[in-house]
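Q: Protein chains in written order, with full-length UniProt numbering: chain W, 1 to 675; chain R, 1 to 675.
Hints are not guaranteed to be accurate.
Below, computed lysine to any residue pairings styled on SDA-like, alpha-carbon distance capped at 25 Å [claimed, not checked]:
hint, chain 1, residue 1, chain 2, residue 2
1, W, K624, R, K632
2, R, K624, W, I446
3, R, K632, W, M144
4, W, K624, R, H145
5, W, K632, R, M144
6, R, K632, W, R31
7, W, K624, R, K624
8, W, K15, W, R31
9, W, K624, R, M144
10, W, K15, R, A140
11, W, K632, R, K624
12, W, K632, R, D35
13, R, K624, W, D143
14, W, K624, R, R168
Some residues of chain W that are not near chain R, with every Cβ distance over 12 Å (derived) [claimed, not checked]:
hint, residue
15, K87
16, E179
17, V245
18, G316
19, N658
Simulated from the structure, these hints should not be mistaken for laboratory data. Nothing here was measured: the structure is a model prediction, and the numbers come from that model. All C-beta atoms, glycine included, are put in the ideal place defined by N, C-alpha and C.
As a plain string of letters, each chain reads:
There are 2 protein chains.
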Amino acid sequence: MTEQDPLVIFTPSGKRGHVPRGTTVLDAARRLGVDLDSVCGGRGICSKCQVAPGIGHFSKHGLTVSEDALSPINAVEQRYDEKRGLKPGRRLGCQAQILSDVVLDIPPESQLHRQVVRKAAEARAVAMDPATRLFLVDVAAPDMHAPTGDLERLNAALAAQWGLPEARASLPVLARLQEVLRAGHWQVTVALHQPHTGGEAEILDLWPGFFEGPLYGLAIDLGSTTIAAHLTDLATGAVVASSGVMNPQIRFGEDLMSRVSYAMMNPGGAGEMTTAVHGALDELARAITQEAGIDPRTMVEAVLVCNPVMHHLALGIDPVELGQAPFALATSGAVEITAGALGIRSINPSGRAYVLPLIAGHVGADAAAVALSEAPEKSEDLVLIVDVGTNAEIILGDRTRVLACSSPTGPAFEGAQISSGQRAAPGAIERVRIDPATKEPRFRVIGCDLWSDEEGFEAALGKGGVTGICGSGIIEAVAEMRMAGLLDSAGLIGTAEQTGSARCVPEGRTQAYVLHDGSAAGGPVITVTQGDIRAIQLAKSALYAGARLLMDRMGVTRVDRVVLAGAFGAHISPLHAMVLGMIPDVPLDHVRSAGNAAGTGARIALCSRAARRLIEDNVRRIEKVETAVEPKFQEHFVAANALPHASDPFPELEKTVNLPEVSFNTAVSTRRRRR
Amino acid sequence: MTEQDPLVIFTPSGKRGHVPRGTTVLDAARRLGVDLDSVCGGRGICSKCQVAPGIGHFSKHGLTVSEDALSPINAVEQRYDEKRGLKPGRRLGCQAQILSDVVLDIPPESQLHRQVVRKAAEARAVAMDPATRLFLVDVAAPDMHAPTGDLERLNAALAAQWGLPEARASLPVLARLQEVLRAGHWQVTVALHQPHTGGEAEILDLWPGFFEGPLYGLAIDLGSTTIAAHLTDLATGAVVASSGVMNPQIRFGEDLMSRVSYAMMNPGGAGEMTTAVHGALDELARAITQEAGIDPRTMVEAVLVCNPVMHHLALGIDPVELGQAPFALATSGAVEITAGALGIRSINPSGRAYVLPLIAGHVGADAAAVALSEAPEKSEDLVLIVDVGTNAEIILGDRTRVLACSSPTGPAFEGAQISSGQRAAPGAIERVRIDPATKEPRFRVIGCDLWSDEEGFEAALGKGGVTGICGSGIIEAVAEMRMAGLLDSAGLIGTAEQTGSARCVPEGRTQAYVLHDGSAAGGPVITVTQGDIRAIQLAKSALYAGARLLMDRMGVTRVDRVVLAGAFGAHISPLHAMVLGMIPDVPLDHVRSAGNAAGTGARIALCSRAARRLIEDNVRRIEKVETAVEPKFQEHFVAANALPHASDPFPELEKTVNLPEVSFNTAVSTRRRRR
C-alpha cells in the first residue's frame with residue numbers, strides 16, 4: 001500500500017489508510033481494524049456489512065470524494081435490493097470495491113461490536129461481544145484420498161475463513177452434522193460459543209446454508225419472590241420481550257431463611273425447591289419465546305443472577321451452610337453450565353448458561369450484577385449503591401476501592417410485616433402526602449392515575465378499592481408523619497391531643513394514624529400503627545448501619561452520591577428515604593434510582609464476554625464485610641433507630657425540610673411504667 | 001546445597017545431588033526430579049513413597065553408607081508398620097530424613113510413572129500417566145472475613161499442595177462438596193481428571209479424609225461380533241478382570257454393511273442399534289465390576305476402540321455415510337465425553353470416556369489402537385501389521401513413513417460363508433494336518449486337548465462331538481490340502497482319481513474333501529468344498545492385495561516382518577497363512593502374533609495421557625490409502641487369487657516347503673465348457 005493507492009477513511013472511528021485499488025470495503029475494514037459486521041464472511045448474503053459512502057468535499061479530512069469512488073452497484077447488490085431492500089445510499093461492504101479516495105460511514109447496525117446498554121449518567125457503554133455468534137462457512141467435501149471427518153473439515157473451514165480456534169461439538173450436534181452439511185451443499189451457518197475464559201469453543205447448533213438469525217439470550221433475575229427475564233437479541237443487544245413469574249419456592253417459605261429451614265427440616269426439601277425453581281425457569285423461557293414468537297432453538301444463552309440461597313437451590317446445592325455462620329458458599333466463582341442443568345428446556349438443546357459470581361455468603365450474584373451495571377470501581381466520586389430486598393446489599397466504592405456487605409433489613413420495605421401491608425399490586429397505596437397544617441393525608445393507589453383528593457378518584461379507583469399499603473407507600477407515610485409532626489424523632493406516634501389530629505387513634509397501648517377509612521364502602525381501614533413504625537425503624541436501622549459500617553471501613557463519614565437499585569429503588573422517593581434516615585445524608589439530587597440494576601447487569605453479561613471477565617475480576621477484588629460479626633454494626637444499628645438519626649448530622653436534608661421538634665416520649669414512658 | 005550437605009543417590013534412575021541435612025526422602029526426590037509416588041502428599045498416610053535405603057559400601061558410587069544415614073524409624077512409620085505392615089528394609093519417604101550420604105532404591109511400586117505394558121520384542125514400555133489420579137489435600141476452613149466458596153478453597157489447596165491447575169466440578173459433585181469437606185474435617189481425597197489435551201481439569205469425585213483407592217479404568221474393544229473389556233488398575237496398570245459379551249447389534253445384521261443397511265432401511269434403526277450397544281456396554285461394566293468386587297464409583301475412566309461403523313453407532317451417529325463412497329466420517333478425531341454418553345452407568349457418575357481417533361472411513365479406532373500398541377512409527381525395519389476381521393486393517397511402515405488401508409476380506413476368515421464354518425467355539429476344528437503321503441487328515445477341536453488321531457480322542461471330545469470348522473481351521477485345512485497335493489495353485493480340488501484320495505468326493509460339479517465324517521454317531525460330515533476354497537481365495541486375495549497396494553505406495557516389493565494382530569492372529573499358523581499367500585513372503589520366524597493389539601492399545605491409552613497425544617498425532621500423519629478407488633487394487637487382487645500367488649515369488653516359503661506342482665485345471669475347464 002502506497003500513497004498512490006486510494007485513501008479510505010472510516011467514520012465514526014476515524015480509522016484511515018491506503019488500500020490497493022479494487023479492495024472491497026469489507027476487506028479494507030478488516031485490514032484497518034475497523035469494526036464492520038459480517039455473518040456470511042463476504043458472500044453478499046447477510047447484508048450485515050452495509051456502509052454509507054460519502055460523496056463531495058470533506059473539509060475535515062481535506063478530501064474530495066468523487067461519485068465513482070466505489071465500483072458501481074453490482075448484480076449481488078441489485079438482487080439483494082430487489083429481494084430485501086437496501087436503504088438509499090447504502091452499499092454492501094463485501095461487494096463495493098474502493099477505486100479512489102473515499103469516506104465511508106459505518107452505521108451503528110453494521111458495527112459488530114456496537115454499543116448497547118448506554119448509561120447517560122456514566123458516559124460509558126457496553127460493546128456487543130456475545131459468547132455465541134453465527135458464522136457462515138463453506139466446508140470442503142469429503143475426499144477419500146485424504147479422509148478426515150466432517151467435523152474436522154468444518155473446523156478447518158472455520159479456521160481458514162474466520163480465523164477461529166478448533167471447536168468441539170456435543171454428540172447430538174455431531175449426530176446432525178452430516179445431514180446438515182449435505183442439505184446445505186457444504187455451506188452451513190454455525191452458532192459458535194466461545195467462552196469468555198478462553199476455554200474450548202463449542203458448536204452449539206448449525207443450519208444448512210445461510211441462517212440469518214438472530215440468536216437470542218435470556219437474562220434472568222431470580223428473586224426470592226419473583227423471577228424476571230429479558231429476551232435479548234444477541235446481535236443488537238435489544239430487549240425484545242420481558243416476562244416474569246412468581247417464584248414457586250414461596251410455598252416452602254416466604255423469605256430466604258425459612259426456605260433454608262425447610263431444607264434443613266425436610267429430607268429432600270432442597271431438592272423439592274430445586275425442582276420447583278427449575279420448572280419455573282423453564283416455564284418462563286417457554287412463555288417468553290412464545291410471546292416473542294421466536295423459535296426456542298434460536299435462544300442459545302441464559303444468564304442468571306440471584307442471591308446466594310437462590311443460587312445454591314437453582315444449582316441443586318443444599319443451602320444449609322448458608323443458614324449458619326460462617327455462611328460458607330459451595331462455590332463463589334462464576335458457573336458455566338448447560339441451560340438444561342438449570343431445568344431450562346425451552347431453549348436450544350445445546351444452550352449455555354452463565355451464572356454470575358457471588359460476592360459473599362450474603363452478597364449474591366445479584367449484587368455482582370448491580371456492581372457490573374453501576375461500575376463503582378470506575379466512579380470518580382464515592383458512590384453508595386443500595387439494593388433493597390429482604391436483605392439489603394450495600395456497595396460502597398470508587399476507583400480506588402470497593403467494599404460490599406449485606407444487611408438483614410427484613411421484609412418490611414416490601415410491605416410485609418406491616419399491619420395493612422401488601423405487595424406492590426393494584427389497590428395498594430404507593431404514594432402518601434400529609435398536610436403539615438391539617439395533618440390530613442392524600443395518596444395514590446397503584447392502578448389509578450389520580451391522587452385521592454382529586455375529582456373522580458373514587459370512580460377511577462374502580463370496585464377493587466384501596467386494599468392496603470405497599471413498601472414505597474409505608475415509607476412515604478412514615479416519613480410524611482414525621483414531617484407533619486405526627487411522629488417524633490424516636491418514632492413514637494403522638495395522641496390526638498398531642499398532635500391535634502383526630503386521625504391519631506389509640507391502638508392497644510399505642511397510637512395509630514388512620515390513613516384511609518374504607519369501611520363505609522365495606523373496605524378496609526388502613527392505618528399506620530406503632531408496630532409498623534417499629535418494623536420500618538428496624539429495617540432502616542439495619543440498612544443505615546450496613547452503609548455506615550462500610551463508610552467506617554473506608555474511613556469516611558460522608559459519601560458523594562447514592563444509587564438506589566432494584567424495583568424498590570425505582571419507586572422510592574429520595575426525600576422520604578432520607579427523612580427516615582435510610583441512607584446517609586447527601587444532596588437530594590445526588591440520589592439516583594438505577595432501576596433494575598441486577599437485571600441490567602445480567603443483560604450486560606449476556607451481551608459481553610469482556611463484561612464477564614470484568615465482573616469475575618472485580619468480585620475477587622471487592623472487600624467483603626460481614627455485618628453479622630462486626631461489633632460496630634450493633635452500635636450503628638442502635639444509633640440509627642431515631643428518625644433520621646440519633647447522632648449523625650443530616651445537613652443536606654435540613655436544607656430541604658425542617659423536621660418538627662416534637663417528643664411524645666412521656667406518654668409512652670408513662671404507659672411503660674404502668675406495665 | 002553445598003558439598004558438605006549429604007549426598008543422595010537414587011536408584012534405579014541414578015539421579016543424585018546434595019540436599020540439606022534433615023530433608024525428607026520425598027522432598028529430596030522432588031528436588032532431584034526423581035519419580036517417587038505419593039497420594040497423601042507427605043502426610044505419612046498413603047505409604048506410596050516407600051524406599052529401600054542401602055547400607056554399606058557402594059563401590060559403583062564410591063560411597064559408604066552408614067546405618068544412621070537416615071533418621072530412626074519414627075512414630076508414624078511404626079504405627080503404619082503395626083497397622084498395615086511395612087516390608088523389611090523399607091522406609092516411608094515422607095518420614096525418613098536424610099542425615100548423611102545415602103543410596104536409596106525406589107522399588108517399582110513406589111514409582112508414580114512406573115512402566116507397564118512391557119513389550120519384550122520392542123524394548124519399549126509405557127509409563128503410567130493416567131488422566132485421573134487421587135490427591136489428598138487439607139482445605140482451609142471458611143472465613144467470614146474472606147468469604148470464598150468451598151470449591152475455591154479446595155482449588156487453592158490443590159494449587160498450593162500439589163501445584164495443580166484450577167479444576168471445575170460438575171453440579172452433582174458441587175452438591176456433595178460441602179458435606180464431604182466437613183465429614184473429613186477439611187481433609188479430602190480428590191479424584192482429579194487432567195485431560196491429555198491440557199484442557200480444563202475436573203474434580204470427578206471426592207472422599208472425606210484419605211481414600212487409598214485404587215481408581216480403575218475400563219479398556220473396551222467394541223467389535224462387530226463381540227465386546228471385550230479389561231478392568232485396569234490406574235495406579236499400577238495391572239488388568240484385574242476381563243470380560244466379554246456378544247454385541248447385541250448382531251440381531252440387526254451379522255456384518256457391518258448389513259447394519260448400515262438396517263439403519264438406511266429402517267427409520268430409527270440407527271437409534272435402535274445405539275440403544276442396544278449402550279445396554280451391552282453398561283452390562284459389561286456392571287458385570288466386570290461385580291466380578292472384580294469393586295465399587296463402580298472407583299471406576300472413573302473408559303477407553304473405547306472400535307471400527308468406524310461401531311464408533312458412529314456407539315456415539316449415536318447414523319452410519320449411513322459409511323455405507324457409500326466417499327465413506328465420510330462425522331468426526332475422525334479422538335472423542336472425549338462422559339462415560340454416561342456411551343450408556344455406561346455402572347461407573348463413577350462423573351466417569352469420563354475417551355474414544356481413540358479413526359484413521360479413515362474404513363480404518364477405525366481399533367486400527368489406531370493397534371498402531372498405538374505396535375508403534376510402527378518407531379520401527380527400525382519395515383513392518384506389515386495385519387488385523388483381520390470382517391475387514392482387514394493393514395498398516396505398513398517404519399520410522400520414516402506409515403501407511404494404512406482397509407481391505408474387504410469378508411467374513412470367511414472368521415468361519416462364516418464356509419459350508420461347515422462356525423465361530424471359534426467348543427466343537428470347532430481349529431487345527432488341521434494332512435499327511436502328504438496318505439492324504440489322511442488329523443485335527444484338533446476347540447475344547448479338547450488331544451489330536452483326532454490320539455488315543456482317547458473320542459472320549460475326550462465329549463458328547464458334543466465335532467460341530468464344524470472355525471476360521472483358523474479352514475485356513476489350515478486349505479493350506480494343508482495345497483501342501484498335500486489335493487489342491488492345485490489355482491485353488492481347484494482334484495478328483496479322487498487325480499489325487500489318489502478317496503476323501504475327494506464329487507460335490508455338484510466340483511470336488512470336496514471330507515475332513516471328518518461324524519455321521520455314524522449322528523454328527524455332521526465336515527467337508528472342505530470348492531466353494532469354501534473360493535471364499536478363502538477371495539478373502540486372502542483382498543488381504544494380500546491391500547498389503548501389496550501399501551508396498552507399492554511405499555515403493556518396496558518386500559517387507560522385513562509381519563505382525564498378525566487380533567484374536568485371529570493369535571490362532572493362525574504363519575506357515576499356513578503364507579502357503580495360502582495371505583501375507584507377503586518373509587522368513588517364517590519374522591511373523592509374530594501380537595495378540596489382542598487393539599485391546600492392548602486401548603489399555604495403553606487408559607494408562608497414559610502421553611499415549612493419547614501420541615496416537616492423535618500419529619493418526620494425523622498416517623498416510624491413508626483407499627483401496628476402493630485404487631485401480632491397482634483390482635490387478636493385485638486378481639494376481640493374488642493363486643495359491644500362494646500367480647506372479648510374486650515366495651522364496652522364504654520355498655525354503656520351508658515344496659508345494660506340489662499339480663494342476664487339476666483340465667477337469668474343471670471341461671466342465672465349464674459343458675455348461
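Q: Determine for every hint whether it applies to the structure shown.
A: Structure-based check of all given hints:
{"no.": "1", "hint": "K624/W - K632/R", "result": "violated, 75 Å"}
{"no.": "2", "hint": "K624/R - I446/W", "result": "violated, 75 Å"}
{"no.": "3", "hint": "K632/R - M144/W", "result": "holds, 16 Å"}
{"no.": "4", "hint": "K624/W - H145/R", "result": "holds, 7 Å"}
{"no.": "5", "hint": "K632/W - M144/R", "result": "holds, 16 Å"}
{"no.": "6", "hint": "K632/R - R31/W", "result": "violated, 50 Å"}
{"no.": "7", "hint": "K624/W - K624/R", "result": "violated, 60 Å"}
{"no.": "8", "hint": "K15/W - R31/W", "result": "holds, 11 Å"}
{"no.": "9", "hint": "K624/W - M144/R", "result": "holds, 9 Å"}
{"no.": "10", "hint": "K15/W - A140/R", "result": "violated, 52 Å"}
{"no.": "11", "hint": "K632/W - K624/R", "result": "violated, 75 Å"}
{"no.": "12", "hint": "K632/W - D35/R", "result": "violated, 55 Å"}
{"no.": "13", "hint": "K624/R - D143/W", "result": "holds, 11 Å"}
{"no.": "14", "hint": "K624/W - R168/R", "result": "holds, 24 Å"}
{"no.": "15", "hint": "K87", "result": "holds, 42 Å"}
{"no.": "16", "hint": "E179", "result": "violated, 8 Å"}
{"no.": "17", "hint": "V245", "result": "holds, 23 Å"}
{"no.": "18", "hint": "G316", "result": "violated, 5 Å"}
{"no.": "19", "hint": "N658", "result": "holds, 43 Å"}
Checked against the numbered hints above, the structure breaks hints 1, 2, 6, 7, 10, 11, 12, 16 and 18 and satisfies the rest.
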